[in-house]
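Here the sequence shown is numbered in UniProt numbering, starting from 1 and rising by one per residue.
The set of hints was computed from the structure by calculation and includes no laboratory data.
The structure displayed is predicted, hence computed values, not measured ones.
We put the beta carbon where it would ideally sit given N, CA and C, even for glycine.
Have a look at the derived ranges for each label pair, beta carbon to beta carbon:
1. 77 with 35: 20 to 30 Å
2. 76 with 157: 48 to 58 Å
3. 62 with 29: 33 to 43 Å
4. 197 with 42: 28 to 38 Å
5. 77 with 140: 36 to 46 Å
6. 53 with 143: 27 to 37 Å
7. 183 with 39: 20 to 30 Å
8. 151 with 21: 21 to 31 Å
9. 21 with 75: 48 to 58 Å
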Amino acid sequence: MGDNQAELKPPVKSLGAHVYRQILPRLVCFVACGLAMFYMIMTFAHDSLAIDLPRSLQDLQELTTQLDVLRRAGWEKSLGLTFVFVSLYLWQQMFSMPGTVLLNLLAGHLYGVFVGTVWTAFLCALGSTIAYWVGLLVGEPLMQLAWFQQRIRTLQDQMERDRGLGLFWWLLFARLFPFSPYWLINLGSPFLNVPVQAFFWSTFYGVIPYNLVCTQAGQVLGELTSTADLLAPALMLKLCLVSFLTLIPIAWGKTLQNRLRSYLERQ
Numbered sequence: 001m002g003d004n005q006a007e008l009k010p011p012v013k014s015l016g017a018h019v020y021r022q023i024l025p026r027l028v029c030f031v032a033c034g035l036a037m038f039y040m041i042m043t044f045a046h047d048s049l050a051i052d053l054p055r056s057l058q059d060l061q062e063l064t065t066q067l068d069v070l071r072r073a074g075w076e077k078s079l080g081l082t083f084v085f086v087s088l089y090l091w092q093q094m095f096s097m098p099g100t101v102l103l104n105l106l107a108g109h110l111y112g113v114f115v116g117t118v119w120t121a122f123l124c125a126l127g128s129t130i131a132y133w134v135g136l137l138v139g140e141p142l143m144q145l146a147w148f149q150q151r152i153r154t155l156q157d158q159m160e161r162d163r164g165l166g167l168f169w170w171l172l173f174a175r176l177f178p179f180s181p182y183w184l185i186n187l188g189s190p191f192l193n194v195p196v197q198a199f200f201w202s203t204f205y206g207v208i209p210y211n212l213v214c215t216q217a218g219q220v221l222g223e224l225t226s227t228a229d230l231l232a233p234a235l236m237l238k239l240c241l242v243s244f245l246t247l248i249p250i251a252w253g254k255t256l257q258n259r260l261r262s263y264l265e266r267q
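Just need the whole structure built from these sequences, with the hints factored in.
What follows is the structure, given as structure tokens:
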């Protein structure tokens, strides 16, 4: 794995005007593109599907009902709904914005657990790969910042420590048991010479467990028709199972990671 790592240059201790001239235009362009894309997506959703962002629990309930109607209103509306969902998911991944949980919940509600899990895993991998290329285009000046290079070096040290596992398995661990923010992995991978193919597939497989939990929860929430349904035994059992699965990475993530690493090293 050592051959896959880039040689990091010493950080610039005193940033000159030329460094800011490199960073600021790219940063402004990055933010402007993100805002413009979000505006176009939401404008299309409002004008074509009459969908707006929910601002309250009642709005969210009305939105889920509206989405169900659109899904059954013919192929044009269904295709438009899919376009909005895909666009929002890719936008969220490209710009490392919060909201994955909500989109995964909606995927479970709209497409079911199996299709929703595979679909969101693919979109997450595709969006993260686009973020990989965006990072390659706009992130180079950031390598001159000490705080950013320190975080990239931390990733490099972790890759070096686990190089016996192989690059793909290290990336998979990073997704299954995230010890670094996803945005840093997406942005930093190009500067560590991580191959795109390994990056894509490790992301796809790595997010499946988390997305499975979210889509399961989304399907459970879709079964609610009134507050009295919360007391239904079958629904209570599903909610308890979802809660338990959510706690596994937190409570036993490190143990599972070490055991899986030991198993792979013995192979």
